[in-house]
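Colleague: Each chain, written out:
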Amino acid sequence: MTDKNSETGPTIIEAQAYPGVIMTQVDHAVNWFRKSSIWYLLFATACCGIELMQTGGPRTDLDRFGAVFRATPRQSDLLIVAGTITYKMADRVRLLWAQMADPKYVIAMGSCANTGGLFQRSYSVVCGVDKVVPVDLYLPGCPPRPEALNEAILRLQEKMYGEHWLDKMRGA
Amino acid sequence: MQPVEIHEKIQNTFGADVAVFKPELIDPAIEIQPEKILEVCRFLRDDGDLKFDFLRSLSGVDLNDAFEVVYHLYSYAKRHYLVVKTRMNREEPSVDSVAGVWPTANWHERETYDLFGIDFKGHPKLTRLFMPEDWVGYPMRKDYVNPTEYHGIPCTREEGAPVTRHEVEGHPTVQQAMHEKKCPETMGFMRLNMGPHHPATHGVLNLLLETDGEILKRAVPDVGYLHRGIEKLAEDNAYIGTMPYTDRIDYLGAMFGNHAWALAVEKLAGIETPPRAEYCRIIASELNRIASHLIGTGTVSMDLGAFTPFVHWLRERETINDIMEFICGSRLTYNYMRFGGVARDIEQSTVDMILRWLDHFEPMIDEFNRLISGNEIFIKRLAHVGVISPEEAAAHGLVGPNLRASGVNFDIRRDEPYSIYPDLKFDVIVGEGFEGEVGDSFDRFYCRVLEIRESVRLVRQACEAMPAGDIQGKVKKVLKPEANEVYARVESARGEMGMYVISDGSDKPYRMKTRTGSYTAMAVMEHLSPGLLIADLVAVFGSLDIVAPEVDR
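Read top to bottom, the protein sequences are chains A and B. Counting from 1, position 53 in the first sequence corresponds to residue 53 in my numbering; the numbering is continuous, with no gaps. Counting from 1, position 246 in the second sequence corresponds to residue 246 in my numbering; the numbering is continuous, with no gaps.
All clues stand as given, with none of them false.
Coverage of chain B stretches by chain A, computed from C-beta distances (three or more under 8 Å per stretch; other residues unrestricted):
id, segment
1, 143-155
2, 161-168
3, 172-178
4, 225-239
5, 304-318
6, 326-335
Counterexamples of contact, computed for chain B against chain A with all Cβ distances above 10 Å:
id, residue
7, Glu24
8, Gln33
9, Arg45
10, His80
11, Lys121
12, Pro274
13, Val351
14, Ile365
15, Leu479
16, Glu482
Which residues of chain B face chain A? A partial, calculated answer using Cβ under 10 Å:
id, residue
17, Met131
18, His197
19, His198
20, Val204
21, Tyr251
22, Leu252
23, Asn321
24, Ala548
Calculated from the structure, these hints are not laboratory results. Cβ atoms here follow ideal geometry from the backbone N, Cα and C, with glycine treated the same way.
With the rest of the complex left out, here is chain B (with noise of 0.2 Å):
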């Protein structure tokens, strides 16, 4: 259904003064009034026409002058979208909160009460999703000025001298945690922090755990301490410029983060790109992809003690690395898509490389199958744990190999097609039980196995279909495109790589905000951990192959 017949339908429901329609941004917006959005939301989700179930992102926006909370909803029923907003005054901002519609929206609503101090009326727990609990202001608005300092961490690299051995010695919370051995009241359960450092959550994820004894309560995600505020420095930054940062917001996939914001600016400025661009844009990509894959299943088994297969995946992923450096020149953080096409040509002889390469690698796959995947230990680990329904995972706003597995047959590759991906043939992956039941933890690790297999054919393909050309098409130097708005989106190996980009004419993006997948993974954590063991947790934890920086960005 197109937006406008929404629109039209909103307003036969609810009366005509209720929802104002936007045509003229590039993704048509309706405007909603605040008092009315709870009401409107639920009747998007459960109208039988509508059926949005899937609140891909929401989105504060500081106007200035006023405040806007974007939702961008999806309905994998009826396939449609649909971008909603709503405006509130700037000095007591204050919404309906729709976490009891979207269960997603939970997370979202708390990091838009955190970064912008909007306030989500019914929100059941609205706190402070990645700065520290003191923290003072809300760093998104315009107006927002750094701290000088914070806990007596200078704030600039010039300020203060290195600390020295003694100091930190005698810092309060070295001394507290120390030599005054000050333990938490505990309430007739166990409470336990699974992080931030701890060598099973992949980087700087915490979990606050109650327990008794070994089954857990509930595991609750502390997040926030890589928060580096990307989606803030992008404002600063001209539009070419935040493309590093892009590649920081998913490491392990840096060319999904560059792909989707070169989609974003290229839609909103109506750029074309070459084919040949494109083509190396995929190849990159799916090689990128099976990088990351390498790295995701490779972390399930050595979370549950295997570490061989790990450090095979480690050797193939160098050559990974190498051919990387041929394409564009770097290992790990790309930067390699440019507006308008890429930076460097893919020669010939780095087709054959990565030709040579793939015919090396797809007996591994069957090695690495060999070695973990049909492990009977490995297999019960798994198999039955952290199972996931195909409604929770909508409703919880899963995406990518997670959503697939759980037997979501959506791939945007496939059902929202962008580059060349439909002159490709590839299979859409899903979860089919394959130890156990559907959606459970082995069916989220043996989907990525067998993703990687589709991204080598993908590669296969696109490197023999190649043409020539040019690598890049006609930019201005300058890029200033016409205040519009847009959302677009990628698979990326974590699912839905999305940004939502505003402009307001100038050279800089006038706000930008990234959806990501381990965002929603992370956030579906406290709902799967009630009953589980704390050993089970790691593996429910390692099969849904978390990004620190994605959660935080």
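The shape of chain A in the complex, shown without the other chains (with noise of 0.2 Å):
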């Protein structure tokens, strides 16, 4: 079975003889489960966090792609960095991060938090947040609008799906 799932979706085979069953690989089943549960941490430092709210809210509405968001890192399959991360906070990121779950995920959400922003000639603010922990996806924005998060949402989900997390499990 080819592995570019990502732009043709899993291969599922219907059993005709059995009506109700469906057949596909054990990878493409729980990256699609994966992909359409990302919990994510509700974590916001700045402006960015507002806007990560009206993100959750009703208009653009982030829960019907199962993204739903969590008080608690242990819970948490997503951290979305929505704004500037000063010097004070670095450690504090970092923990956050340490205690998600795996597969764990990270969105830079705005320019603070891409490359410090506005703030980068400050003496207090981190210059991009992945000098402290890695990121997967960068979202510019100052701050990005509601739609583009829900962009980088769908994005992740392609970037989940395009990965063997079973055999990621397995060996390496």
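Dock chain one against chain two, each of which comes alone in its own frame, and use the hints as you go.
Modeller: This is the structure we're talking about:
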């Protein structure tokens, strides 16, 4: 079976003899479950946090993609770094990331989280959250619109879908 | 009483050489000898004719050859203001603390110590406020050089590659917390960290709790997790270049940051604003106030477990965001005002849209009240909880809805009017113990709900009375105000948003200091917390409507 399932979707064989039964690869099924239940950490530091809130709100409604917020990192798959990270905050971000369950992803939301943005010449601001935790997806904007964050979640779903998480767990 | 009369009064009491009057400044100041500052401040507070019961702001200034501490005072009783200064040498800067005179000075002095290294003698706890404890140097000094790295994190974008998974997993802080499980020693009381990542703190605010079971011994706010150094960055930017930063001081009420900054610089450079621009400003500001109060009141209900009202408000807020896009092209960080005007006109089609939306929105306030404000459980959670008396509110420097909920009838829009507020009719909402007693958490919540209605009234009036004309006055391309200093303030959604600006004749501000509402609201937590239940702490915290970047800046 080819691995390019991110474009084609999972290979599903419907068993004609047994109605209601479908067959597919475990990897595909697991990935499909994973991408359809991205629980993100309710973590907002600055302005982007308000747009994050609006994204979860009634108009953009992230829930329809299975993405709901969790208050504790132990139950989250995704850390959306929404806002500026200062040196004082850096340790806490690192800890939050470490407490999340694998597999975990990070979206750097907004210019501050990408590069330090407006505040990169400041004495107290980290120039990009990728200097503190590994980042999977950079989302530009100051702040990004809810539609943009929505798009980022969809891109992340694509990325998840192309991974072989079972292989990773067994081997590498 | 005028500053010149106050100066005479001080001279008569303390001797002629104690105080020097500076009439050349826009807000005339009195310079006091540093040794006498405590006595003079106590006199200013206690004297029957003066009664300066409110320390608006305390700022440090680096004058290259000396340090200056500036006190902005106001009297609610007498409705007059005063600027007091004191100057000290640069080698060993030290002055008496006035935290015993006005409790609100406690945090202001800690901030000044943190950023300027000025020692306040007699301060109860002079430690760093914003920066980490092990930070080297005082960032707001003019000769400060940014570090190259802090705890292994490089301080420029160019240096260093992005970290990998393994690096983070092996990091000492992660190792220590996740594997060695080190707990702090307990001393009879349980110590808890509430924040900086906590759903009820709305952003990165940290409260260190000492609890005896469910009852708090005290909650000590630990701030600075979002200290972005906006005041220092403003010194590197041209006057207009600071405008986008003022959006981000209070992102829920970005328009007020814009307005305060515009007012300050206009006062400094003597710029006139055409009437239509003033109307544009007020329409945008009041819409912004509605949007901010929607979040403020919505999150209180969410923190106490009612999610539905919050989602209702988020839906309404989306429409305000749409209108804001029509007004200034942005949803959240507006960057709308310019010196002597605004960036874009509000067209008639937008005005119609606003009026249509207001017709839809006004009944929604009643629906919100039906949903939550009259809810028995909700009222029981808020009424009689976290009561602040009017005297406490003034002494701790509370402003805006928090102050008015305590029964102090004061609104900058009415009492120190700016822009077109004198032409508009609105009521100042004062707490009257709607469900419990004056100054409790329910009053703070409900004052905001009522203020939404007043803002609707204001927007309606402004939309209907909007004159035709220009939206931009005449302003030089490169603004170089003469050397002077000014303090301008507006009534933001969280109270007084004040900007203290010093110019030295160049195209950049010499010093910019922001005084914000959330700052003092956060500082009062330590005073309010003893004896509260942990669950009540969330209610009090929510009712104070604190926004993290306003505290930290």
